[in-house]
Each structure stands twice: as C-alpha cells, then as structure tokens.
Amino acid sequence: MLCPCEDVLVEDVEEAVELGYTDLEPIKRVTAVTTGPCQGRWCLRATIELLAEHTDKTAEELGSITHRQPVTPVPLDALAEARNPADDGDE
Amino acid sequence: MSKNPYPPAALPSLGAGARGDDGASEDAVTFTWDGDQIQARPGEPIAVALWRAGHVTQTRSLKYHRPRGPMCMTGDCPGCLIRVDGVPNVRGCRTPVVDGMDAESQTGWPSAETDVFSIVDRLFERFDHERSFVRPQPVNQVYEAIARRMAGFGTQPTGEVATSPGRHLETDVLVAGGGPAGLAAARAVHQAGREVRLVDEDMHGGSLSYHHEPIEVGDLAAADGPSLAEDLLDEVPDRRRIQGAVVGLYEDEPAAVLAEEPEGLAVHTVDAETTVLAVGGYEGPSIVEGNDTPGVLGARAARILLGRWGLEPGDPVAVLDPDRQGRAFADLATERGLTVHTLDDPEWIEGEERVEAVVGDKRRVDVEAAVIDPGVAPSAELGRQAGVPYTWQDELGGRVPLHRADGRTPVPDVYVAGTCAGLPTVEAALVQGQAAGQRAVGEQPQAIARMIEAEGGLRDEERDAIRSVWNE
Ligand code: FES
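Respectively, the protein sequence lines represent chains W and V. Numbering of the first sequence is given in the working numbering, commencing with residue 1 and proceeding in unit increments. Numbering of the second sequence is given in the working numbering, commencing with residue 1 and proceeding in unit increments.
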C-alpha cells in the first residue's frame with residue numbers, strides 16, 4: 001500500500017507508468033495518490049522514490065506537487081471571522 | 001450542540017510516559033466509542049485511549065474498506081480520522097479525551113470495526129472506483145448512489161466547531177513549529193530582546209516530548225526531552241505563544257495562523273519581519289506487503305505512544321529494518337520490558353484486523369504490532385509557499401530547502417531549522433534552531449561553529465547534516 005488515504009497500491013503507480021505517465025502531477029491525477037485527507041504528507045516521498053525507480057527521471061527532476069494554502073483544514077466560520085489586515089487596530 | 005471538540009484543546013504535558021510512569025493511578029475519564037463506554041487517562045488523545053482499550057481499528061479506507069489504525073501519531077495520516085460529538089474528520093491522535101465525549105467511527109457500516117463493505121477488498125483484488133460501473137447507465141446511477149454511502153465521508157456534521165474572531169498581529173520574528181529547533185530559535189530571539197511569536201499545535205516541545213534520553217549540547221542540558229522542553233518554553237513568555245498552526249505563507253503578505261483560542265478557532269494574520277520555519281517532517285510507508293494493517297506504525301509514532309503516553313503498541317513487537325528512530329524505539333521498548341524482534345529484511349506483515357505476525361530474515365514471528373522506519377521526510381509546504389527553492393538530498397531525507405548551516409535561505413526573510421531542513425536529531429535541531437533564531441534578528445550566530453566543533457556535543461552524522469545545501 002502506497003497511499004492509505006486513497007487506497008493506491010504500488011502496482012497502480014507502476015501501471016500508470018506503463019501507460020506512459022511519468023511525471024508526478026499526471027500520476028497524481030491518474031491514481032489519486034497524494035490527494036486524500038493527508039494531502040501527501042504520508043505518501044509523497046515514497047511516491048517520488050517509486051517513480052525515480054520506475055522512470056528515467058531522478059527524484060530531483062520529478063520535483064514535487066503544489067502545496068496550496070491553507071495547509072490544514074480551516075473552518076469557514078473562522079475564516080469569516082478573520083480580520084482584514086488592511087483594517088487598523090493592531091494589537 | 002456540543003462544545004467544541006475540535007480543535008484539540010492543549011494536550012497535557014504528560015511526560016509521565018517519557019519517565020516510565022504508567023499513569024494508571026490518575027482518575028480515569030469516560031467517553032463512548034460507537035456506543036461503548038471507554039475509560040481513558042485524563043488528557044490523553046482519543047486515538048491512544050482507543051488503542052489502549054483494544055480498538056486499534058479506528059477507521060476504514062475509502063475504496064477497499066480495509067481496516068485502518070493510527071500510523072503516525074502526529075496528525076499526518078488517515079489512520080485516526082473519526083467523528084467526535086457530531087463533528088466529522090477529527091484527528092483522534094491530536095484530540096484529547098474529554099469526559100463524556102461521544103466518539104464514533106465515520107467510515108464503514110455499521111462501524112469501522114465490523115464493516116460489511118470490506119467485502120470489496122475480498123471480491124476485487126484491485127478496484128478502480130472512478131472507472132467501474134460507468135455503463136450501463138441505470139447500473140451507474142445505483143452505483144453512484146451507494147458509492148458515497150460506502151465511502152463514509154458524506155455525513156453532515158451535527159455538532160459545531162466553535163470559532164472566534166481573528167486578530168492582526170505584528171512581531172519581529174514568527175517561529176513556525178515548537179520542536180527543539182523552533183524552541184531554540186524562539187529563545188534566541190527572546191534573549192536578543194526582540195519580539196517573537198511561537199506557533200505550535202501542541203506546545204510540548206515536538207520531538208522533545210517523547211525523548212527519553214539525556215540531552216547536552218552547547219549551553220543546553222537536561223535529563224530528558226520533556227524537561228528540556230519545559231525549560232525552553234519557560235523562556236518564551238506565555239503571551240508570545242500561539243497554540244495552533246501556521247497554515248499559509250505568502251510572499252509580501254502576512255502569514256495566516258489557525259489558532260486555538262479559548263473561545264474557539266481563530267484565523268490570525270501575522271506580519272513578521274522574519275520567519276523561522278521549524279515545522280518538522282513526516283514519516284510514511286515502508287513498501288512491504290501488509291503495511292496498512294492496523295498495528296503497523298511508524299517508528300516515531302511508536303516512540304510517541306510509548307515514550308509520551310506510556311502505551312505499549314504491542315508485546316511482542318517487531319521492528320522492521322530499523323534506522324535511527326527504529327533503534328531508539330527498540331531501545332526504549334526493551335528498557336520497558338517488551339519483547340522486541342528486529343527483522344532486517346522484512347518480507348510481509350500478516351493479520352487482517354490487527355498485526356499477527358511478521359515474516360522475514362527466514363523466520364516468522366508472532367507479534368502484536370510492527371514498527372516500520374522509513375525515516376522522517378522534511379515538511380515542505382510552507383517553505384515552498386514562501387518561495388524557497390527545494391532540492392532532493394537523499395542523506396537529508398528527501399526534498400530539503402536550499403539553506404545554509406545557520407538556516408538562511410535564498411528568500412531573505414525566511415529561515416529554516418531542524419527536521420524540515422533535513423536534520424536527524426534533537427541535538428542537531430537545537431544547534432541549528434539557535435543559529436537561525438540569531439540570524440533572524442540580524443545577529444552573527446557565533447555559537448554555531450563552536451557548538452558544531454565542540455567535543456562531545458554532536459556526533460559526526462549530525463555535524464555532516466548541519467551544512468550548506470545552497471551555493472549562491
Ligand atoms: S493522523 Fe492520527 S495517527 Fe496519523
């Protein structure tokens with residue numbers, strides 16, 4: 001098991017590589033690896049290492065996925081109550 | 001409506017586990033798990049209390065409905081996501097038990113432990129849920145309708161997460177992460193007479209909270225990690241600490257911080273002159289058959305369970321292909337009287353609902369838990385958001401930010417230190433954290449060369465890891 005969030009097996013990634021997907025972003029879209037609740041924390045490095053093994057790319061060349069803000073879930077209510085820093089009234 | 005089960009109120013500084021005290025004499029608190037009464041020790045995380053009560057399976061996977069249990073103990077895997085007082089997707093390993101709390105599994109039917117849909121795993125060796133049953137159309141409609149039910153993520157919350165108004169804060173230095181590197185950095189900033197804001201979800205010293213050995217490096221010394229964490233936290237005034245997490249960094253915009261305020265979660269914006277990232281890293285899978293069986297957990301997670309919470313993950317326990325963390329766990333477990341089997345060449349892990357045996361090194365041993373040790377990969381999310389370039393360095397555990405030994409990066413106002421810069425140990429993190437803190441307030445970190453060179457302070461591998469991975 002490579003990605004326990006989305007149940008992606010090592011074989012799923014190997015199969016995707018055989019189909020011609022060799023970059024991280026397409027592999028992510030085809031297999032759903034790194035897209036579950038952990039957002040790649042658990043599986044990203046192992047995925048890069050697996051691809052480096054099965055493609056002609058190095059881990060360096062494979063790069064990484066995009067990490068968008070926020071990095072942990074934020075309740076919308078809390079967001080709605082956030083201050084606009086443009087307002088005055090600093091602490 | 002129940003009261004704010006998420007976010008986690010501060011987990012207590014137990015330290016009891018780290019000192020070998022089993023804590024059993026303390027008054028128990030009681031909560032329910034899928035309707036059953038469970039006893040827990042005050043303040044321990046839900047995931048720990050469930051494991052202690054024999055409920056290692058706490059959720060099911062999305063597609064094959066395999067049983068899942070805690071694997072990381074740091075909030076970074078899907079193994080402990082549950083529903084608490086009507087709020088879904090609560091991380092049980094980060095949320096302390098509160099007396100009377102109502103915890104439920106949110107995946108699997110009727111529950112995570114007895115899930116009729118686990119038949120999927122038996123029927124299909126591999127199953128592509130996105131592309132199956134697409135045709136004929138009526139079949140697809142039925143499938144779509146049950147797929148959501150089966151996934152188990154679709155039940156609306158009935159509880160409410162308390163929130164509170166955010167504030168806009170200004171400070172000299174924002175330190176993200178309160179492990180050894182972050183604490184050393186925050187202390188350096190405070191000692192320089194500058195204002196620091198230290199942000200950490202847990203505020204008990206990160207990897208110090210379960211470190212059971214004496215620490216001595218530079219001017220820092222303590223009998224164990226929890227004591228050093230207390231000493232260091234004492235040097236950062238209360239009002240400078242924010243219990244929470246930096247959730248977003250932006251170039252030229254204030255940082256976003258999700259904070260656990262007494263009235264509820266708040267999003268603060270923090271304008272800092274410089275930012276020190278000391279955000280640690282993540283364990284991950286070791287690629288071995290059966291690696292997702294409940295009872296398989298990372299070596300750091302196993303150290304947290306035993307070292308911080310005094311919970312034996314299993315006895316006997318297997319340690320598979322150990323590196324530094326795995327060996328540290330094996331030492332601690334042996335010291336606590338557990339039977340530890342180390343396998344250097346593991347082939348597979350057996351067990352359906354819980355680890356039963358491991359096979360490798362030409363033998364098969366019955367165990368209750370299996371500890372894997374893939375090493376800790378640096379966390380890169382915030383660094384990349386801040387525009388720091390990253391490069392792959394095998395010896396530093398994966399992708400690391402370009403940085404100097406003293407934490408400077410190509411982004412002038414962003415510094416990195418500790419595990420997120422690929423450092424292997426708390427001692428190394430303390431040294432680099434202190435240097436990064438001094439740099440962040442414009443001081444020359446005189447001490448770093450001295451501390452790196454000092455006899456008896458750092459081991460060779462630590463000296464090697466504190467180095468420049470950035471050539472201008
Ligand atoms: S997220 Fe809680 S055990 Fe991994």
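Some hints here could point you the wrong way.
As the list claims (entries may be wrong) - A partial selection of chain V residues facing chain W, derived with a Cβ cut-off under 8 angstroms: (1) Thr32; (2) Thr163; (3) Val267; (4) Trp348; (5) Ala380.
I should point out that these hints are in silico values taken from the structure, not numbers from a laboratory. Even for Gly, the Cβ is constructed at its ideal location relative to N, Cα and C.
Hint check:
{"no.": "1", "hint": "Thr32", "in the structure": "violated (24 angstroms)"}
{"no.": "2", "hint": "Thr163", "in the structure": "holds (4 angstroms)"}
{"no.": "3", "hint": "Val267", "in the structure": "holds (4 angstroms)"}
{"no.": "4", "hint": "Trp348", "in the structure": "violated (12 angstroms)"}
{"no.": "5", "hint": "Ala380", "in the structure": "holds (7 angstroms)"}
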